[in-house]
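K.L.:
For reference, the chains in residue letters:
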Amino acid sequence: MPLHRIFHPPGAFSVAEKTSLSERITKLYTNRGLPAFYVVILFTPIEKDSFFVGGQSTDKFIRIVVQHLARQLPNDQRKAEFSEKYEEAIAPFIKDKGYDWEVHVEEVPPEMWRENGLIPPIKFPEIEKEWARLNKPIPY
Amino acid sequence: MPLHRIFHPPGAFSVAEKTSLSERITKLYTNRGLPAFYVVILFTPIEKDSFFVGGQSTDKFIRIVVQHLARQLPNDQRKAEFSEKYEEAIAPFIKDKGYDWEVHVEEVPPEMWRENGLIPPIKFPEIEKEWARLNKPIPY
Amino acid sequence: MPLHRIFHPPGAFSVAEKTSLSERITKLYTNRGLPAFYVVILFTPIEKDSFFVGGQSTDKFIRIVVQHLARQLPNDQRKAEFSEKYEEAIAPFIKDKGYDWEVHVEEVPPEMWRENGLIPPIKFPEIEKEWARLNKPIPY
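Chains as they are written, first to last, in the UniProt record's numbering: chain P, 1 to 140; chain E, 1 to 140; chain W, 1 to 140.
Please note that the accuracy of each hint is not assured.
What the hints assert, rightly or not - Pairs of lysine to any residue, SDA-like flavour, derived with a Cα cap of 25 Å: (1) E:K85 <-> E:S14; (2) W:K129 <-> W:I64; (3) E:K48 <-> P:K123; (4) P:K60 <-> W:A132; (5) E:K95 <-> W:S50.
Stated by the list, open to error - Covered stretches of chain E, going by a simulated chain P footprint (3 or more residues, C-beta under 8 Å): (6) 1-11; (7) 15-22; (8) 49-60; (9) 104-118.
Claimed, not checked - Where chain E lies over chain P, by a calculated footprint (3+ residues, C-beta under 8 Å): (10) 9-19; (11) 74-83; (12) 87-93; (13) 122-134.
No wet-lab data here; the hints were simulated from the structure.
The beta-carbon is built from N, C-alpha and C at its ideal position, and this holds for glycine as well.
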């Protein structure tokens, strides 16, 4: 569900850092009861001569695009809270290492979303819990 | 129009499989009369140590992001039907090979969509047919 | 803010061309007073055997996905004008070199958009001017 695409300079993260950053991001969702496997994070290295900010090539910038499907945050306050928590989660690997960065989160309607071909049980909290417990989608 | 981004483990698909999968996806649209060239499919290999699902690195997962521009499906039933057909189209290359996978389809308003700089003839079925017949955009 | 993802055949652009194209795109926004650093452009080479248009592998096609956050264009005429200017900006590097291409622009609500963790001053023109003047985000 949440899809996180992280565009970064090739050397920005070690494998250990990518793992740790992924764990921190995943926890933002599992803390709310979502199945861990919903959280997909794709690290995409972009070479300096293909990464432009303000018309200039850079290896000091990280751009993150997040898409939410399982939950639409209902109002501006909740959205602001999410952004705040997200910034805390990523700070040790981005801000604290001296990068500039930009994040945006999109909310995508879930009607054409499928996990292993199954309709995610957004409207069936008990089944969603079961998916979370097993950490995989099962027919219902 | 439909843009399909397929994020996959580097070795997931042979060139023949990518071709065949692309043909099957393309037919979903040409069957409805859309020009074949509207259908763009980008395969993006993601290394195992950059592909995280549920906080864990994986080479067993395929994530597909689809964007529709030429047609907005008018109701939930039609959307569900599309998802079903899409799952059938991709199953031989993903489900049947033992991967886990996730798909979502987004519907993007077409006002700022251009093909070779031309406004696609969404509102002009006769011209769209001509684009489909020639399989290229021509001024009108 | 504006995020431009340019999917292109590996050899399509020299570094000088990528720089020049990025400068031309960036000017579309700085001409309107937006901070230059808002404009992020990611060039993503896609190998011929991973780039399919109409079910066929190609190295003659360029696909551009643009996302706007800081400004939603208020009506269809303004959107059409933007698309026209965009096409002019990219033509020397795409149309004039004989590629086929497709562009679409999406407008994403800005509530969960952050620059270096800060809420961009969309509603504070004086602060936005200051960000533009300094070409970096500063707390306010």
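K.L.:
So which of the earlier hints does this model not fit?
P.N.:
2, 3, 6, 7, 11, 12, 13
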